[in-house]
Structure formats: C-alpha cells, structure tokens
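Novice: Chain by chain, the residues:
Number of protein chains: 4
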Amino acid sequence: MANELAIGWLGTGRMGAAMSRRLIDAGHDVTVWNRTRSKTDDLAAAGAKVADTKVDLAEAVDVVFIMVSRPSDLEEVIAGDGGLLSAGSLPKVIVDCSSVSPEVSAEVRKMVTDRGVAFLASPISGNPHVVAEGQSILMASGDKSTYDLVAPLLNTISKTSVYVGDGEQARIVKICHNLYLGMLVQGLSEVTVLAEKSGVPRSAFLEFLNNTVLATDWVRKRTPDMLALDWTPTFTTELLRKDFDLGLAVARDQEVPMPMGAGVMQLIQAAIMRGHRDDDFLSLFAEQADSAGMKLEAEK
Amino acid sequence: MANELAIGWLGTGRMGAAMSRRLIDAGHDVTVWNRTRSKTDDLAAAGAKVADTKVDLAEAVDVVFIMVSRPSDLEEVIAGDGGLLSAGSLPKVIVDCSSVSPEVSAEVRKMVTDRGVAFLASPISGNPHVVAEGQSILMASGDKSTYDLVAPLLNTISKTSVYVGDGEQARIVKICHNLYLGMLVQGLSEVTVLAEKSGVPRSAFLEFLNNTVLATDWVRKRTPDMLALDWTPTFTTELLRKDFDLGLAVARDQEVPMPMGAGVMQLIQAAIMRGHRDDDFLSLFAEQADSAGMKLEAEK
Amino acid sequence: MANELAIGWLGTGRMGAAMSRRLIDAGHDVTVWNRTRSKTDDLAAAGAKVADTKVDLAEAVDVVFIMVSRPSDLEEVIAGDGGLLSAGSLPKVIVDCSSVSPEVSAEVRKMVTDRGVAFLASPISGNPHVVAEGQSILMASGDKSTYDLVAPLLNTISKTSVYVGDGEQARIVKICHNLYLGMLVQGLSEVTVLAEKSGVPRSAFLEFLNNTVLATDWVRKRTPDMLALDWTPTFTTELLRKDFDLGLAVARDQEVPMPMGAGVMQLIQAAIMRGHRDDDFLSLFAEQADSAGMKLEAEK
Amino acid sequence: MANELAIGWLGTGRMGAAMSRRLIDAGHDVTVWNRTRSKTDDLAAAGAKVADTKVDLAEAVDVVFIMVSRPSDLEEVIAGDGGLLSAGSLPKVIVDCSSVSPEVSAEVRKMVTDRGVAFLASPISGNPHVVAEGQSILMASGDKSTYDLVAPLLNTISKTSVYVGDGEQARIVKICHNLYLGMLVQGLSEVTVLAEKSGVPRSAFLEFLNNTVLATDWVRKRTPDMLALDWTPTFTTELLRKDFDLGLAVARDQEVPMPMGAGVMQLIQAAIMRGHRDDDFLSLFAEQADSAGMKLEAEK
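Chains as they are written, first to last, in the numbering used here: chain C, 6 to 305; chain Y, 6 to 305; chain G, 6 to 305; chain E, 6 to 305.
Since the hints were made in silico from the structure, they are not lab data.
One copy or two, it doesn't matter: identical chains are merged, so the pair holds either way.
Here are the simulated lysine-lysine pairs, DSBU-like style, with alpha carbons at most 35 Å apart:
id : residue 1 : residue 2
1  : Lys300    : Lys226
2  : Lys149    : Lys164
3  : Lys226    : Lys305
4  : Lys305    : Lys97
5  : Lys164    : Lys202
6  : Lys97     : Lys247
7  : Lys226    : Lys247
8  : Lys247    : Lys115
Just need the whole structure built from these sequences, with the hints factored in.
Specialist: In structure tokens:
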C-alpha cells in the first residue's frame, strides 16, 4: 500500500510547503528537510518530522519528493556534498516536482538511476493557493511501475495526476502548458483590445467571455488584474520568455514548426524591451493596447 | 413586467427552436412563425401559438425575436414584401439574435428604428444542445432601456446576458469570441503536436490540459474528436475564415494590429487550400501535424 | 507605325509631366491637357500642343494616356461631364498609367470598351527622377493587340514594358511590387537592428549589404535616410498600408495565404498607431529599433 | 606594403581555390596547403608554392588565410596536432574566411591571440563563380590595425571589404545577410504566387521585378530555377535553417524581436518536414504555391 511508504520532502518553500502539507493532513508519515529550517516549523506543527540533514532524510524514508527553485539546486541536493546520494542507505524512489528542462531532467535521472534509485519527473500545474484547495494537477514521467507505486501519493497532493511517458515527457508537458498559456494571453489581449476600442467596456467583454465555453479558470482569476491594469508580478514577462526559450528549443529539436508560438515569443521579447521585463506577463495586454494606440484606464 | 410582454419568434430552425422553447417552457406567451411551417410543430405542441404570416406575427406581439441564417434573410423578413415592417401595427421591440456583420446590423437597425420600433442586437454563444441545457450566453447592444425591458427574457433563454454597448458592439463581441476560438485552436494544435511528437500520447496530454486552469468546456467537448481525428463539421474551416474576414475588417477599421489573429488567418487559408475547406475547423490540428511531418493516428 | 500615332496626355502632374516629356523629347506628336493648365507650360515649351478641354484632347488624338492621382479622378476624366467619352469622335486607345485597384480598373475598362475604345492598364514603377533618367518600367495588361500597338510608346517612356495579361493583371503586379517592397523593408530593418545592436555600425552594415548580391537600387538610394534617421515622407506609412489593404484583398480573393505579408501589415498598423502615420514608411526601421529597446542615433 | 607580405592559404576547396587564385593572379607570393594535396595542383600551376604540412605553411609566411568547411576543421587546423599553432615560428596574422558561429570565432580568436598572433574574422559573401569574377565581398572584424594591414589583400580577393567591428561582428554580419536572404525569398515567393494565381505568367512577373529598383543580382540569377522549378541544391533548406538557428540565437542573445525572421524560420521548418530538406531553399517557393493550392508548372 502506498500509504505505508515513509515519505520524505526536500524543499519546503511556498510550493513545497503547500504540497507536503496535503500529505501530512491525509495522515501520511512525512519527514521534511529545508535549507532554512524555520520554513519547516508549520509543517512540524502539523505533524511532520524534521530531518537535520539531507542524508538523514534519505536514510529515513522510502520516497523523497523534491521541490526546489533552480536546476542547480536540484543537482546539488541530489549529487552535491551531503546530497541524497551520499547517504548510507538510499530511498527507493525520488520524485522531482521542480521545473527544469528536459536536458537537466535526463542528467539527474541518470545520476539517480545509476545508483539503483527509481526516478519520477513530476512537475505541477498550479500555485500554492490552488494546491491548498486540492485543485492542482501533476504530470508524471518515468518507469510506469514507479508511477503506479507513488500515484496514490500524487493523487493526494493534487486533484489528479497524469502519466505521460517513460522519459522526460512530463517536463515537456509542463513547457507545452506554459506555451499554451502565453498564446492564450496574447489571443485574449488581441480580442479584448479590439472589443474595447470598438466601444465595449473591458469589464463587459470579460464578463461575457468568462461565461462562454471558452472561459478558463485562469482568465477568470486574472480578470480583476486586467480591469485594474495591475501588473504586479505573479510570473514575470522574463520568466515567460524563459519558458518560451525552452519550448521553442524542444520544438526545434523535434522539428515542429510553431507559427503562433514563435510569433508570441517575438511579442514577449518586444514587451520586455518596452519596459515590461519585471511586470507580470499579463502586461502583454498593455503592449497590445499600446500598439493599437489606446490609452487604457483602470476599470472596476 | 417582462413576463407580461407578448412574445413573437421568427425563425424556428435548430437554434431558434431551442431558444424559443426555453421561453415557452418558462410559461411565456409565445407566437412563432417559420418559413417552413412544419418546423413549428414541436413548439406548438409545447404551447406556442403559430402565426400564418410575418405580418400576423408583428401585429400580435410586443417583442419579436429573430433567428435566421443569413444577412439577406434578416433584411427580407424585416423589410421585404410581407415583412414585419409592412404590418398595420408594429411591435415595440425587435431583437435580432442572428449572426450578421456590424454593417448589416447598423442598416437593419436604421430601417427598424426609423419606423419607431426599438432594436436590440443580441447574438448568442452556444449550440442548440448548450441552449437546451440553459448554458448559452447572449450579448446585447442597443438602447439601454430596451435591453432593460427584455433582459428578463434574454436571461430566460440563456444562462445570462451581457449588455455591451449602445450600438453594434454585440456583433463585434461575437466576432471577437470567434477570433479567440480560432487562435485558441491553433495554440492548442501547436502544443498538442509538440507534446505528441515528443512522445506524450495525445490522450494523456489532453487529459492533463483538461484538468488545468487553462481547461475550457470547448476543448473538453472536442477532445474525443481530436483523439478520433474526426473532422465531421460542426463549423467548417471556410465558415471560420468568414468570421476572421469580419474580425480582421473590424480590426482594420479600428486600426488595431492583430499579430496573432492575422497569422492564424493565413493558417486557416492554407488549411482550406490543402483540402480542409468543408471539414470542421478543428482540422487545423491535422494541418499543424502535417507541417511537422507527423502521421497522426486515431486514439481512443 | 506607332510613331505615327497622334498622342494625347491627360494629367501632367509630376509623374505625368516626366512621362509625357519622354515622348515629346523622342519627337512624337503629343497633345497635353491638365486641370491646372499652368502645369503644361514646360511641356508646351518642349514642343507639346495643349488642348483646351478633355473633349478637344479626345478628338485630336489616336491614343490618350492618363496619369491622375485618384480612382475618382480617373472615372471623372473618362466618364464624367465633359470627359473623354463625351467627345464627338473617340480615340482608338486609352492607356491608364494611374494606380488604381483591380476593381476600379475593371469598371473603367468596361465603360471604355463598351464605347468601342481599346483600354490598356499600364501602371508604372519609378518616381519622376527615375522616369526622367529612362529607368522606370511599365507593366501592361489588356488585349495583346492593343499592347502591341502602343508598346513602342511605352518603351519610349520607360526602360522597358512587360505585358502581364489580358485583364487587370498589371494592377496586381503593381500591388505585388509594393507588397514586396514592404516585406523587404521589414526584413532589412530586422537585420540592420540586429547587426547594430551587436556592435556593427549601421553605415558599415549597409555598405556591406549594398555590395552583395542582395543589393537593390532602392536600398542604395535610401541608405542616407536610414543613416540620418530621416523619415521625411516619399511615401507615407499610411499609403503603404493602403497598398497592403489592396494586396491582402487580392490575396484573400485568390485564396493565397500570405504569412509574411499579413505579418508585415500588422507591423505597419502598429507603426502608424505609434506615431509614424505621416512619416515615410522607412520609419518601420525606427519601430523595429524601438521594439528592440535601442536608442538610434543619426550616422553619416 | 601589404603586397610584400608572404601569404599562406590553408584550405583550397572550391571557395578557397577561387579566393587564393585572385591573390596569385595579382602577383602575390602565395603558399598553399590542403588536406587533399591534389586540390592544390591548379594553384601550383598558376604560380603558388605548396607546403607539405600546416607547420611548414605557418613557418613560411606572414599571414595565413583559412577557408575550411566546418567549425571542427577550423579548430583542428589551428590548434590540433600539427596545427598552425604547433609551428616553431608563428605567422603575424591569421585571417579566417570560414563560416562559423560567433561563439566558435571567439574561442578560436582567444587561442590564436593568446599565442601573440593577430586574428581577423573575415567571412565572404559570394560563390566561387562570383569570386572569380571579382564580385564577392568580404566582411572583417578584429583589431583595426590588423584589418588595415591585410585590407589590400582582402580587396584583391574581393570587390571590396568592409570593416564592421573589433570583435566577432563579421560573423554576425554574415548571419544577418543570410537571414535577409531567407526573408527576401519568402517575400518573393508570396508575391510571385499571388501574381501567378491572379493570371500573370511567372516569367512576366519576374522579368518585371528584375527591371525594378527592387531587383537583386541574386533573384536575377535564380530566375531560371524559379521558372524551371529546379530545386537542385546550391544551398539546402536544412542549411538555411542552420543559419536561422544561428541568427535567432544572436537575436535572442541581443534581445532583438524578429517578427518576420522568426516567422520565416517556421516556414523553413515546415518546408523541411514537407519534403524539401535536401532541396535548394528556393523550394520555399514551391511550399508557398502548395499552401495556396496551386499546381505549378515549369516555364521557360
């Protein structure tokens, strides 16, 4: 039974904390570790054990979930000095939920499986708030048997998990998701500007769109920001560009033309150069309005 | 009270029948007319009166809703021989739910209001099935007081109605909706092909996407068609091109650049020329796969 | 022999004057007419006769060339009050060198040929300076026998003439030329900005390009303007947009996708909305630099 | 005096032979070396000395020009076993005329200058035929004093040379040239297809274009291939894609949006996937025609 597995969680920043919390709250045996130990306090209060070192974590559990910010962190916590792989006894499975490129994922997978530990790439779609509500979703790729083993845990963390292949496909699915998001936002920007310049209040147009079969939770949630012209970053234009870098590299590698994806990339680039580098990428809407000679005003 | 208004319904094809049926089922006093009278039989069985002529219809009611297929039909039923405006006494309001261009709408509005009849443009988003379930949505534009008068009726036909302006804006909103749909389908096609060529089964990718914050009812409903590669038309590529013709004309008129919209138009054009003219426009997906050198196979 | 034909020239603005002057200087018998008569003085001094009215012109010659600014002028001088077609005796051939759409051209052609007069559409590529140097080129479409009759005259006006079809193809060729020009300028702008931002002085890059197999007379002539950032209009961005309107309409009519042409159109639109409406369309280069976050400075 | 410099030439394939031949024919003292020695026979007959080894070459001359096919060859002949840098005495200057990326160029430059040898990057625009006619052009970047020293030699090889910066700018200029070529070909394809589908014979349209201010030597030379639909490769679509890879990478690095360049890249990718990988890249024209539903036929 999956719920008899001893679980380790490495990386309890905002996302990692929200994700591990769901396992703890479901009654699992969870041991956590974080570079800044204080970030594990709430989880300990909720019932988690806290490991002193990564090695301790590795030796105490069957499955280690990892959620760190950068590719370099991922390599460090696994294979660096005092990393998981330097433990005396190793866990059966490592599940990485971080967002890294297919290339980094493949390198890490090799390091891990060369030591006899199974590896699952399992990035997540959703922010901490969505995770807490149980509305996130996990992709997973690696050996099917490994997926089957930890699927009950994945499905406790998130609404559901989808097994997408035996290699690095989960990374690619995450990248595709973000490409799609960027294209959707540009499309939304074009029609919203067109409607508004034609005399339709932005609020009316978005209210309409949010009631159609094309409505998405994402646009619904961001509608207040589009009305208020609030570009406080949830995800910056520069970060979106990084995802498009990855996505277009995968497309080039697979020899897939991306007429719309490549076009949106150029618009992202122009938005960055026109001053929206550190704004939320929803500022693509502001750029589209500028290019149409519109002076936007905040609406309620 | 709106529900004391005597209602006329002109045009009881598949959409018109579904829409008027909701008014009848809600207990309103509804008189219907259709060129082919037999198409009113079910409505009559459900409680509607049937007018013999358009003039009879006009003289019997306060509000006439119109749902016809073509701009020429719209002009004919209103101002042609025996049309609504040739009646001895005229209704207070005409509400047109057909899909026509802003130009035609403005012409018809002028003909109607010149005779002292209020006019509301109120196109619909949804197909007959969606309408029957009460999940469609109506846009409306014209005098605000006219909208207020008939809003309870609009909100009986559909889930909700959105007032978008005092001119032809409802037509433009409908066009924007369809532009957005076309862009969304192209974006979806690009990422789905990219994922599939990278080794992710189409079904897994779409299952994933349908569980994210970017999920739409539209994609959920069309997922089986994308898996089965079923391009039986619900709306042909050529019809989508017509909407893009209208949309790009509005954009040109408003001086709004549409980098993505114009790009998708060229892809629609190419799809038509490569054989998908009469296929469902979801065949844009097939074209995207072809351009990536992929041989798609049906999945379940 | 063509050189025995009596020639009429209607419209002696800058272009018309330069063109007709070449016929006069070659020793042809030329009668001119212009709305503002003073604009015929130089031509009269060079040996031209001057007609008092359009009717006089029509009655005096075998072939009338027309060079006017607007479609409405063209229709007026041919079929308006006192127009060519109201003359007692009509010329054998009318050759129109103005820039009008294929639709207007077809209408005018019909009016003319219905009266038994042959009609040739023959727009020109080149400005007055180029014409004076004998370096312009004429396209021509209409009956081949008509072309053969006047070809010696066309080849006197310009370096050469090319017969492109028996209908309105000459208009389409002119439009294609201008579409190509717009695309070439955008392409030039992208690579010049890329080179300059990479540290290559603009003057060095253009000097290089002007010496390669991709060099054009057009870019050579405009290089000083690109160096000086001089957007004094020779042809405004708004006028280029008009040509793209025509070109994309022909493409839509012929069902030809224009991925690059349609993309450039959106950039033209954005350049207009960002303030370059009345600048020379070479200001597309300034827009490209802006979108790359570059602050251009004039070079010598 | 530059003509007193002893010149070495490494790499006498088709391009290298044509280039070095111009120095020999101008009376310079030239020593050549090539991996396949027989390819130096014609040059020896024309007056060149032939070195037995790269080291011999390095020790015999003041300036070594290099023209090899691949980046790996370049690194090998300079720094590999028996490479130029392993000689007992080194030349003063190495001029590399090969086509390599800015990154490789910077690496090679460092290896060379670390040994006290000056380095000039000087790629060429033109094919062997163009070179032989003295119509090629060289870009150059590196220390200005080095350029000044060898400029007389560069200007003997080619029509002219342009100094474009003190780093790797010459590589970037070459890449920009090829990006421009790709965009120009796509633009040409769109308007030629549009004209032809509108009824203008391809030969007439191209004859026209080749007489305008937009004419290029390149299009003039390739017109017979466009008429004959001859895609025998002079430069394959796949090679053009490689240049676009480089170009878009430079653009990304410099943060320059390339709306048209990136769009053409997708069309190149699609052309490759639709079967034109090993065809001449002029087959973009065939793809454009296909996308417009045209069945092209060869013309004379």
